[in-house]
Structures are given as C-alpha cells and as structure tokens.
Amino acid sequence: MSITNTSATIIQPLPAASSNWLRDLVGIAIILAAAIVGYFLFPNNLALLTRMIAIMLFVLSLDLVTGYCGVATLGHAALFGAGAYAAGIAAAHFGVTEPITMIAIGAVGGAVAGLVSGVVILRGHGLAQLVLSIAIIHLFHEAANKASNYTGGSDGLAGITPDPILGLFEFDLWGRTAYVFGIVLLIVIFVLLRILVRSPFGLLCRGIRQDPVRVSAMGASVKRTLIKMYVISGVVAGIGGAFNAVSTQVVGLDSLSFTNSAEALVMLVLGGVGTLFGALIGTIVFIGVEDFVSAANPFHWLTIVGALLIAVVLFAPKGLYGTAAALVERYRKGGK
Amino acid sequence: MPAARLEIKELSAGYGPTRVIENVSFTAEAGSRIAVLGRNGVGKTTLFATLAGQTRRYDGTIRLGDVDLTSMDSASRAWNGLGFVPQSRAIFPSLTVEENLFVGLKGRPRSALREAYDMFPRLYERRANSGAKLSGGEQQMLSTARTILGKPTVLLLDEPLEGLAPVICEELMAAFSRLASNGEMTILLVEQRIQSALDFAERVIILERGRIVWDGTSEQLAADRDTVDQLLGVASVGH
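Chains as they are written, first to last, in UniProt numbering: chain U, 1 to 336; chain G, 1 to 239.
For reference, chain U alone in the conformation it holds in the complex (with noise of 0.2 Å):
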C-alpha cells in the first residue's frame, strides 16, 4: 500500500468500529427486549426488577474503575450509598421531591464520593488499595450511622415521596412507573458509557491498566486520569443510588455496606470484567438465582449461590459475558 493510498484512506471508519456500534444496538435491543418481556413476564414483581436495575448502575459504575482501570475495590457501595442518602436527604428534609432532579442531585453526591474515595484509595496500590476501599466503606456507613437526625441512622431514612415525574407519570403501588424510568435511565446512561469507553479518554484507562508506566512516559497523568474516572463512576453508581431511593422510597445503611460493595464485585466478576456488557448479565444472574434459589431452598439458597460462583470462576473465568464472546468469536473463525 502506497503512502498516498493511506492518506487518502485514513478517514475511513474502522471495520472494527462499526461493529461496535452493531454491538450497542443490539445490547440496546436485548435491554429493551428483557425490558418488555420481564414487564409482561413478572407484572407482580416489578419491585425486585427495578432493583436489578438499581444494582445494574452500580455495578456499571464498578466495572469502569475495576474492569476498565485496574482498580481494585472493595468500598464502591460508598459512591451508590451517597447518592442514594444525598437524594433521599434532599427529598426527606429540604422538599426536592421532583424526581430528575432528585437523581441529578444524587449523581453530584455520588460524583463527590467518588472523588473522595478515589483520592484516598487510589494513594495505594494492590493488597493496600484493598485494605483502603474497606476503610473508606466503614467510614462512610459509620458516618452516616452517627449522622442520624439527617440519615435515620439504623432505622433507615424514610418519608420519601418522590412527585410525579415531569408532572405527569406518578409513581404507582405495582412499580410500573419506576420500571420504566429506571429502564430509560439505564439504556441512556449504558450508552454514553459505551462512547466514554470507546473514547480517547476510555483507551487511556484501558492502557492504565496494562502498563501505567508507559502511559505516564507518554504523558498522561495516571492519577488525574483514574480520579476522573472515579468522579465519573461515582455519577454512575450515585445515579443508581439515587434512582433506588426513589423507587424505594427509603434508604437503608446496608446501601453503605462492605457486603454492598463485596456483592457488586462479584456480579462482576460473574458476568465478566471490562465490557459493560458483563456488569448487566451478571447483576441479573445474580440477583435473579439469589431470588430464585432464595425461595426454592431458604435454608441452603447461599450454598448454591456460592458453588455457581465457583463453577463460573474455575470454568468461564472470563466470565458469562467474556465466555460467550468467545466462543462466538471462535465459532466466527471456525465457519471462515
């Protein structure tokens, strides 16, 4: 190929990047698809629904600075706790009942935890950034434990009355209305995850994570860069925080709880770390098994949770998501 011929050529878009654009619609179509299908499939329980998708936020959140970054942490319910009590505590003592901005509102106070949390833990590096996502978890849920006249401490922070969105759809008993807000939250926030990602800014971190070495010797800021994307993750997981104060209508301490944060790293990690894609599948094998093998078995229901943890780290450690990928690839090559 010709130099001339490159030059002409350059603008050109990548194969490789319109099918990733393909790969967006259809996860927007899946999300819409197991939107309308979960709708019509459980009518009667909306409510454990609009928590997976609650739960989906966070975890989103967790996979840009886990799965994207190389951070690991195990304090990032800090950032979906603060949004969930910062909205809460706008709604409960200062009147802000309007939903969006009840969410706007939650993204700043995840936005802030996040840079909190990120300028401390990202101070250490492996088994020490561990230990200090831990600290920031306890700080924060012992913080908003003490603060009780505006938390509700142990007893939870209730008189949430979130008004109808936009003035017009009100929030019924069944959770419809919150369904489908939370499903245009999610597809909107998964798709302008899927450009951060795709941008410069999403490779930087991705080359972070491999070697932040040579990012910094080509001139990259590594820790400015991850506290950006912790500030942005903190938006996400607060959003989510928010979105499930809103729908609860309470906020609880355990959304301040190492069990919070120990459960997202795990729905990650199940459905695979680094894709988006991923952190949606495994929040709902999660979540769903949980329900399920909950009720079919209360007695032993964590065992069989923790064998298919198991199962899924010996035999797809790429997980769900990264498995399938995979094989599809492979399956691709093979009918070439």
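It should be emphasised that the hints constitute simulated quantities derived from the structure, not laboratory data.
Careful, some of the hints might be misleading.
Heads up, simulated DSS-like pairs for lysine-lysine below, C-alpha to C-alpha not over 30 Å straight-line [claimed, not checked]:
1) U:K318 <-> U:K333
2) G:K106 <-> U:K228
3) U:K318 <-> G:K151
4) U:K223 <-> U:K318
5) G:K133 <-> G:K151
6) G:K106 <-> G:K151
7) G:K9 <-> G:K151
8) U:K318 <-> U:K228
9) G:K9 <-> U:K318
10) G:K151 <-> U:K228
11) U:K333 <-> G:K133
12) U:K223 <-> G:K151
13) G:K106 <-> G:K133
Far from chain G by the CB rule (all over 12 Å, computed), these chain U residues [to be verified]:
14) G38
15) V120
16) F315
17) T323
Nothing here was measured: the structure is a model prediction, and the numbers come from that model.
For glycine and all other residues, C-beta sits at the position ideal for the given N, C-alpha and C.
Chain U is already provided as a structure; the job is to place chain G on it using the hints.
Then chain G, alone, in the frame of chain U:
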C-alpha cells in the same frame, strides 16, 4: 515544533542502593543523532529510563531546551517533549493498533494518525488487529509511531532492532533516518547492532560501568578498531 537541545550534567541514577550510571554528562545539540553504545549491563537502558523519569535519580540535572526536567515526573517530561520508545515496546496488547495510536495522540485530532500510517504503512493494514497479534517488528513500529504522534522534540530509542529480522531492521532504520533528516527531533539511539547504529548516528557515546568512556564521531569510532574491540567486544565494524 523544532528539535530541542538535551543537556545532561553529572547525572547519577540507579535502583535502590545500586548506582547504575555515575556522573554522566553530555549535550545533544538540537537535531543531532547520537548512538549510545556499550556492552550489556553498562547502564544504557538505565540512562534512558532515568531521562524519561522512570528510575531513581541521585544527582545531576537534565535540561530539554530551556526547560529543567530534573524534578519533573515522567508524564511532565513527555509533555515537555521527551519521547521514549522502551526496549520492551510496551504496546497495549488488548487494544487494536488504531486504539494504541489514539492513546498517543495527546489531545491532537484523529487526522494526526495519518502521520503514523505514512511512516509505517504496514500499521494501516493492521489497524484493526489487536496489539497482541502483531509481529515483533510491527510492535516496534507501533511503539515508535505512538511516541512520534506525541510530537517529541527529543526521541529516545532503546534497542529498537532487538530480535527483529534484517528486512524489518532496514525498514525501521530508514524510518528513523527520515525522522532525523526533517530536523524535528533530536534522536538518541541505544543499539546492539553496531553497524546500524554507526550508519544512523553522527556521534557516538560509549558507556562502561555506568560512565562515559568514549565520545566522538561515528567515523572516528569506525576507524578505531581497538576501541571497538575493547569497549564493545566487536572484532570489526562494517568492513
């Protein structure tokens, strides 16, 4: 941006308590081509890593043009024009060629990728391939092109020909010569293939136990068979 002058004064550096380079001083004039030679383990890679801010510096100063890089971190040095292509190539294996190049753009527009593809048309052909699927030569081209996209005024190339087939070496050396000839970069090259280094460079610095023990032109070194034999362990050069 035109090539810059690199001035190193009494530089000592190493790892932990071990001093690998000791009291190294030299100046690379703007637009010059310098080969840094020496046997394995004499501190060539450490010198470049120290210039790039990746090792512990004990003493000395580093100036690039009018800017004092000495206390700057690696990223700031790169922003001020120091480009480093490491021996390990350090491409991002899970990113495609084009994505690897994107990371090196440092805020420049996407159209700047043309410079990389013009320099190495082979990368354009492989642009959708992941870094892990490239040959050694292609990885070296990618690593070099990614650094060039950042518009460095001083370029450090650490053993770019290591492990590559002769035809790829020729292609790479031709590309480095083109870079040097347009006057936009001062280039320092560490290379074990002495003849390739001498063909490329106008000046040679030889390190021995972390110190500069010889400094002269390529022609002088090529004519000095004793020095070549004694300091580089090579019986003859080129003839």
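So, going through the hints one by one against the coordinates:
Using a Cα cut-off of 30 Å, the hinted pair K318 of chain U and K333 of chain U holds, with the two alpha carbons roughly 19 Å apart. This hinted pair checks out: K106 of chain G and K228 of chain U have alpha carbons roughly 16 Å apart, not beyond 30 Å. Between K318 of chain U and K151 of chain G the CA atoms are separated by roughly 38 Å; this puts the pair beyond 30 Å, and the hint is violated. Between K223 of chain U and K318 of chain U the CA atoms are separated by roughly 27 Å; this keeps the pair inside 30 Å, and the hint holds.
A distance of roughly 26 Å separates the Cα atoms of K133 of chain G and K151 of chain G; the hinted pair therefore holds under the 30 Å criterion. Proposed proximity of K106 of chain G and K151 of chain G is supported: the alpha carbons are some 9 Å apart, at most 30 Å. Restraint check for K9 of chain G and K151 of chain G: the C-alpha separation of about 25 Å stays at or below 30 Å, so the hint holds. Taking the CA atoms of K318 of chain U and K228 of chain U, the gap is about 26 Å. The hint holds against a cut of 30 Å.
Of the supplied pair hints, the one linking K9 of chain G and K318 of chain U is violated, its CA atoms being roughly 50 Å apart against a limit of 30 Å. A hinted pair counts as satisfied when its Cα atoms are at most 30 Å apart, and K151 of chain G with K228 of chain U qualifies at roughly 25 Å. Restraint check for K333 of chain U and K133 of chain G: the C-alpha separation of about 15 Å stays at or below 30 Å, so the hint holds. With a CA separation close to 23 Å, the supplied pair K223 of chain U and K151 of chain G stays within the 30 Å bound.
Only pairs whose Cα atoms come within 30 Å are accepted, and K106 of chain G paired with K133 of chain G is accepted, the gap being roughly 25 Å. Every Cβ of chain G is farther than 12 Å from the Cβ of G38 of chain U; the closest lies at roughly 33 Å, confirming the non-interface assignment. For V120 of chain U, the requirement that its beta carbon stay farther than 12 Å from each beta carbon of chain G is met, with the minimum near 20 Å. Non-interface call for F315 of chain U relative to chain G: holds, since the shortest CB-CB distance, roughly 22 Å, exceeds 12 Å.
With a closest Cβ-Cβ approach of about 16 Å to chain G, T323 of chain U is found to remain outside the 12 Å limit, as its non-interface label requires.
In summary, the numbered hints that this structure violates are 3 and 9.
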